[in-house]
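As numbered in mature numbering (1 follows the signal peptide of the UniProt record, and there is no 0), residues -16 to -1, 1 to 315 make up the sequence shown, in order.
What the hints contain is simulated information worked out from the structure, not anything from laboratory work.
Be aware that a few hints might be false.
Stated by the list, open to error - Simulated DEER-style distance windows between Cβ atoms: (1) T261 x T30: 39 to 45 Å; (2) R50 x G117: 24 to 30 Å; (3) L270 x E63: 42 to 48 Å; (4) S51 x G113: 14 to 20 Å; (5) R313 x R44: 20 to 26 Å; (6) E201 x L33: 21 to 27 Å; (7) T30 x V191: 31 to 37 Å.
Even glycine gets a Cβ: it sits at the ideal position worked out from N, Cα and C.
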Amino acid sequence: MSSLLPSLALLTAASWQPQRTPPPSSSAVRAAAPLLRAAPTSARVTDLLELCAATDRGQRASPAERSRVAALVAELEEEAPPAKSVQLNGRWKLLYSSEPGIYRSSPFFWAFSQCTRGVSTPIPIPGSGVQQGDAWSAAVYAITDAIPFYDVGAVTQTISGVCDDELGCLVEGEEVADPDGPDDGAQTEEEPSEGTSDKQSFLASSVSQLVSEVGIEIKRLFGLPGMSSIMTTTATIERIGQGAVPSELELTLAVETTAARESTIVSLLPAFGELPTFPSGSTMELIKQGSSRVKYRVSYLTENFRISRYAVEKGNGEISDSAFFVYRRED
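Between the sequences and the hints, there should be enough to build the whole structure, so can you do that?
Below is the structure:
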């Protein structure tokens, strides 16, 4: 169900042109968090993990708890160790979302926000804080958040095929590439380079991808049994570069497809067969060129712990990266 609503929104956007408003003029800059007491990094990580668990991934957090989480994240980012891109590989479980809906950790929704940028909602959404003239994507998310008969289960990201200019490439735990860097096309030392070496393209190899999985559970309704599915969005990792500081990595994700996997809806409606894979990336490109590509910043990365932010274009050159997501490695 959750995958159908944004898909319908994409198709509607292609034909319906409501009132367009200019993007907000205020600069989207991450608010400075108050400093906590001085403590070792391990203690801050422990405090953060406890808050993640106590607040149901942030969905039941009080304003005070949200402020404390934001402060912990800011301090961890400030003292983060140098990031090794190869450490991104693996399956990561979402522990906390600063966004109201944890499903928004999927790159699909950030691409959708870019795709519908400048399109406003003609009506306010009661009880959500979304007013007439606000971003249409905000209205879509508010409606989705308010639907009462579904729950979000496990949320994961599986990253694969990422290389490191020092450690090489790892596939299922085995090194498969030269750790000295990208191949320049030369077969021997005497053969001249083809000039094809590109460090950032090497870090994001041709098989690099991020697969986002969001478990959706629909409660028993109108006499029908409960249903479930895994909303799966696949994105290609096109580029990986060093951020402003050694502890940051900047990724470019190209959203490709969205599908409902392991859906029990098929068992209720067998005549419809398997639910099709939706070409979400190409559909968004038809609506707004370049919208299917999103910037994904990794601001804290260790072997087992990660903090990431989406950097979304707001218009007039403004970039918002205020939303953050906390992950822990599963494998």
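Hint-by-hint comparison with the structure:
For T261 and T30, the hinted distance range of 39 to 45 Å is satisfied, since their beta carbons lie about 40 Å from each other. A C-beta distance of roughly 26 Å is found between R50 and G117, which places it inside the suggested range of 24 to 30 Å. One distance hint, 42 to 48 Å for the beta-carbon pair L270 and E63, holds here, with the actual separation near 44 Å. Our hint of 14 to 20 Å for S51 and G113 holds, since their Cβ atoms are close to 18 Å apart.
Taking 20 to 26 Å as the suggested C-beta distance range, the pair R313 and R44 conforms, at roughly 24 Å. As the Cβ distance of E201 to L33 is approximately 24 Å, the hint placing it in 21 to 27 Å holds. Distance hint check for T30 and V191: the Cβ-Cβ separation is about 36 Å, which falls inside the suggested range of 31 to 37 Å.
When the structure is compared with the earlier hints, no violation turns up for any of them.
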